[in-house]
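K.L.:
With these hints in hand, go ahead and build the complete structure from the sequences.
Top to bottom, those sequences are chains A and B.
Just so you know, we're using the working numbering here: the first sequence kicks off at 31 and counts up by one.
Just so you know, we're using the working numbering here: the second sequence kicks off at 12 and counts up by one.
Hint data in this document are derived by calculation from the structure and do not stem from the laboratory.
Some clues are possibly wrong.
Footprint (simulated), chain B over chain A, 3 or more residues, beta carbon under 8 angstroms [claimed, not checked]: (1) 369–382; (2) 385–396; (3) 408–421.
Result set (DSS-like, lysine-lysine): computed pairs, CA atoms no more than 25 angstroms apart in a straight line [stated by the list, open to error]: (4) A:K371 / B:K315; (5) B:K179 / A:K371; (6) B:K112 / B:K71.
Backbone N, C-alpha and C define an ideal beta-carbon position, used for all residues, glycine too.
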Amino acid sequence: MADLTTNFAGIKSPNPFWLASAPPTNMGSMIERAFDAGWGGAVWKTLGEPITNVSSRLAGLDQGPTRLIGLNNIELITDRPLEVNLREMADCKRRYPNHAVIASLMVESKKEAWQEITKRTQDTGCDGFELNFGCPHGMSERGMGAAMGQVPEYTCMVTEWVKEVAEIPVIVKLTPNVTNIVPPGRAAQNGGADAVSLINTINSVMGVDIDTLVPYPNVNGMAAHGGYCGTAVKPIALNMVSELARDAEFNIPISGIGGINTWRDAVEFMLLGAGSVQVCTAVMHYGYRIVEDMIDGLNNYLDSKGIAAVGDIVGKSVNRVTDWGNLDLNYVVKAHVNEEKCVQCNLCYVACEDGAHQSFEFVESNGKRYPRVIEAECVGCNLCYLVCPSPGAITMERRDDGSNPETWRERTSGQ
Amino acid sequence: MANDYCTPLDITQIEHNFAELDPAMSPAEAAVEASRCLYCYDAPCTHACPTHIDVPGFIKKIASGNVTGAARVIFDANPIGASCARVCPVEVLCEGSCVEKTLIKKPIEIGRLQRYATDFVMANGKQLFEKGTPNGRSVGVVGSGPAGLSCATYLARLGYDVTVYERKEKAGGLDTYGMAEYKMPQAVSLAEADQVKRLGVEFRLNCEIGRDVSFDGLRAAHDAVFLAVGLGATNRLNIPGEDLDGVIDALHFIETIKTRDWRSVPLGRTVAVIGAGNTAIDAVTQAKRLGADRVILIYRRTEKDAPAYDYEMELARKDGVEFMWQTSPVEILGSERVTGLRVADAAGLVTEIECDQVIKAIGQQKMASFFTDIAGVAADEKGRVVINENMQSSDPKIFAGGDCANGGAEAVDASQMGKHAAMGIHEALTGEKVEFAGAILRDPPKAPVDPNPH
Chain A
31 MADLTTNFAG
41 IKSPNPFWLA
51 SAPPTNMGSM
61 IERAFDAGWG
71 GAVWKTLGEP
81 ITNVSSRLAG
91 LDQGPTRLIG
101 LNNIELITDR
111 PLEVNLREMA
121 DCKRRYPNHA
131 VIASLMVESK
141 KEAWQEITKR
151 TQDTGCDGFE
161 LNFGCPHGMS
171 ERGMGAAMGQ
181 VPEYTCMVTE
191 WVKEVAEIPV
201 IVKLTPNVTN
211 IVPPGRAAQN
221 GGADAVSLIN
231 TINSVMGVDI
241 DTLVPYPNVN
251 GMAAHGGYCG
261 TAVKPIALNM
271 VSELARDAEF
281 NIPISGIGGI
291 NTWRDAVEFM
301 LLGAGSVQVC
311 TAVMHYGYRI
321 VEDMIDGLNN
331 YLDSKGIAAV
341 GDIVGKSVNR
351 VTDWGNLDLN
361 YVVKAHVNEE
371 KCVQCNLCYV
381 ACEDGAHQSF
391 EFVESNGKRY
401 PRVIEAECVG
411 CNLCYLVCPS
421 PGAITMERRD
431 DGSNPETWRE
441 RTSGQ
Chain B
12 MANDYCTPLD
22 ITQIEHNFAE
32 LDPAMSPAEA
42 AVEASRCLYC
52 YDAPCTHACP
62 THIDVPGFIK
72 KIASGNVTGA
82 ARVIFDANPI
92 GASCARVCPV
102 EVLCEGSCVE
112 KTLIKKPIEI
122 GRLQRYATDF
132 VMANGKQLFE
142 KGTPNGRSVG
152 VVGSGPAGLS
162 CATYLARLGY
172 DVTVYERKEK
182 AGGLDTYGMA
192 EYKMPQAVSL
202 AEADQVKRLG
212 VEFRLNCEIG
222 RDVSFDGLRA
232 AHDAVFLAVG
242 LGATNRLNIP
252 GEDLDGVIDA
262 LHFIETIKTR
272 DWRSVPLGRT
282 VAVIGAGNTA
292 IDAVTQAKRL
302 GADRVILIYR
312 RTEKDAPAYD
322 YEMELARKDG
332 VEFMWQTSPV
342 EILGSERVTG
352 LRVADAAGLV
362 TEIECDQVIK
372 AIGQQKMASF
382 FTDIAGVAAD
392 EKGRVVINEN
402 MQSSDPKIFA
412 GGDCANGGAE
422 AVDASQMGKH
432 AAMGIHEALT
442 GEKVEFAGAI
452 LRDPPKAPVD
462 PNPH
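P.N.:
This is the structure:
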């Protein structure tokens with residue numbers, strides 16, 4: 031059994047799996063049930079001036095019969111009175127002293143407002159704060175959420191306000207709705223943040239009902255853009271996490287969020303620099319119980335790799351991410367069809383003909399017709415390998431001798 | 012014959028026993044199944060289908076919710092696509108070659124998806140194809156089975172004035188009269204024939220060539236004639252007792268079942284069925300489902316030699332049919348009515364089976380004399396009409412296809428021959444070549460490669 035205990039910027043939890051601030055952390059009883067199911071921490075649904083929500087609020091992206099590869103929402107922060115949330119938070123923390131209870135905060139952009147809610151909330155005994163500078167819908171129209179996170183100066187300023195009165199760690203939650211995640215990340219750090227978390231949800235319109243002509247989710251015949259999350263956003267989140275993790279000027283912990291469904295997803299986030307991970311959509315789809323396999327799978331993975339503690343994998347792939355200009359131009363792979371595993375779906379053939387470099391031909395062999403790679407034409411793009419449904423039928427094989435690596439930077443530096 | 016020489020079961024039980032073997036798919040089931048399709052390129056299933064339906068193409072359309080488009084792809088390549096969805100031996104054709112079968116032993120249920128799409132348009136009465144602009148030429152089609160309906164469809168789409176001559180009172184040939192009821196109710200085949208009617212094709216039912224219309228008159232009335240007359244009467248056993256009451260040929264037995272007038276179907280308590288082809292299976296399973304106490308399939312060769320498909324044999328086994336292999340009938344016993352069957356095993360040892368019905372399923376006779384004596388076209392030594400690749404017979408004005416030309420195969424094979432006949436007739440009459448969907452499969456073209464370094 032590997033050691034899964036986590037100390038994230040001073041916030042301790044029995045494992046790195048936290049619930050993100052969202053409907054699954056709406057109130058104390060929900061979070062307590064989540065802790066009972068195995069979650070190591072929870073970021074409370076954002077506290078602030080209670081709002082009024084609309085109905086309906088969610089829309090999904092399906093892939094064929096697979097439901098919800100993406101989800102978007104136009105729900106706002108908590109609609110519950112602050113004192114109720116604070117009372118439940120104090121109770122929860124008392125009952126679960128070893129779990130991480132983190133308070134997400136969002137108020138209007140006034141120093142007094144931020145400092146007052148910070149002080150009131152930390153009286154509950156919670157373990158840390160998460161400043162919601164990311165909510166992309168509704169709240170941003172009121173000058174909050176993403177309206178903060180999209181302007182580094184504001185991010186820095188509000189973080190400073192909170193840090194002046196906070197006695198517990200402060201995490202700044204970043205919005206992905208920016209061109210470059212590094213300036214907001216650095217701004218949070220400059221404001222004194224103890225850590226950042228990312229990504230919040232992405233601006234999105236989920237689709238249009240082609241019968242009623244109303245986009246989703248329909249609120250009495252109208253729709254508004256919402257925050258996109260779930261499996262489909264994971265690659266965007268991984269990029270932003272790794273961009274911050276490899277930034278030389280950025281050196282505070284990162285809590286990874288975005289499309290985490292399984293322990294595998296969590297491991298990937300951690301390898302790219304996340305010290306903890308936060309999950310929402312997968313729980314909204316399947317319930318708190320998914321954490322059981324996240325813990326079990328992570329344990330088995332670490333044991334199988336001979337790694338004693340989960341903290342040891344954090345950031346282990348960060349130095350494997352670089353700029354394109356540092357990649358080796360002389361590294362060559364070519365696709366190869368292994369006929370004994372080929373099922374003759376010919377998807378590699380058509381994908382290469384119409385979507386790549388026309389590097390396939392058909393050959394007759396043992397009375398069957400197989401696709402074969404014309405190596406002279408193959409550029410080693412991976413497309414055929416990616417579309418192949420039969421494991422092992424296409425392999426990408428090294429075709430250079432490895433003796434003369436050369437990057438684009440090196441090639442052009444002498445000019 | 013005695014009144015009790017019929018099913019002993021009540022109607023509810025029979026209706027249950029004859030419900031369609033494969034239930035229709037719900038939209039949710041179709042969506043899940045369609046989404047499993049890999050959308051293979053130059054797909055094995057399309058190669059395996061004799062009419063070369065673009066199977067991944069129609070399944071992708073089901074997945075996208077374009078069910079009408081899916082049905083159009085199917086019927087474009089196979090005018091009897093709704094029947095074939097039910098009666099095709101998909102296990103050895105499209106589904107047998109499915110990549111998902113190779114990968115995970117679970118082929119896409121192509122037959123049921125095809126049924127889903129074709130049912131959808133037929134239930135909505137959608138007209139997928141239009142009659143072509145009249146070209147002033149007429150074609151007579153003899154026989155309204157799969158080959159005849161297919162040929163008539165394509166000719167009508169080209170603008171021909173088509174008349175179908177059918178000796179039975181209903182159109183559809185074996186699809187209407189010869190399919191096990193639990194595989195396909197007659198209504199499906201009749202609805203398919205109606206689709207052909209809606210293309211402006213005239214059907215002359217109860218019209219037999221040589222009896223109601225002379226062949227010469229037919230030949231003179233049309234610019235071309237397509238013969239799709241199928242096969243003839245069931246072969247004779249040529250053993251004593253063959254003409255006793257209670258001896259029936261399998262096709263006649265099946266045909267009476269198709270009326271769904273269950274009590275009119277002659278049925279003994281112990282039924283011996285001679286033969287082991289797919290028709291024999293249809294007879295044994297249906298005799299059992301009608302409530303016969305014992306049904307025995309008797310075949311002169313071994314189980315391995317039985318021409319029926321394995322999955323058909325399996326169905327008979329599940330229905331509780333008994334098998335006697337390497338056993339030949341020697342004599343049917345009885346004075347007026349069958350009381351038993353004398354059989355000989357491989358060693359020549361003769362035994363008697365007590366039975367009160369014998370069903371013959373030993374293949375159908377060829378129509379050789381019809382071709383040579385009535386139509387005046389050449390037939391080969393097996394009694395099949397001789398045709399070239401355009402389905403043209405020795406008389407350039409007369410074309411032929413289906414069982415009468417290939418000796419007896421699947422409905423889907425007949426449909427493809429009807430398609431080729433329509434193309435052949437059009438070329439012969441106009442000099443113009445047309446090509447209908449799935450007529451010819453070509454290797455995919457190879458795209459040019461980039462001559463620049465890359």
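K.L.:
Against this structure, judge whether each hint is valid.
P.N.:
Hints, one by one, checked against the model:
For the segment 369–382 of chain A, the proposed coverage by chain B is satisfied: 7 residues have a C-beta within less than 8 angstroms of a C-beta in that chain, meeting the threshold of three. Requiring three or more residues with a Cβ within less than 8 angstroms of a Cβ of chain B, the coverage given for the segment 385–396 of chain A holds, as 5 such residues are present. Given a C-beta distance limit of less than 8 angstroms, the hint that chain B covers the segment 408–421 of chain A holds, as 3 residues qualify and 3 suffice. Pair hint K371 of chain A plus K315 of chain B does not hold up; C-alpha atoms about 31 angstroms apart against a cutoff of 25 angstroms.
Straight-line distance between C-alpha atoms of K179 of chain B and K371 of chain A comes to about 52 angstroms, which puts the hinted pair past the 25 angstroms bound. A hinted pair counts as satisfied when its Cα atoms are at most 25 angstroms apart, and K112 of chain B with K71 of chain B qualifies at roughly 18 angstroms.
The earlier numbered hints that this structure contradicts are 4, 5.
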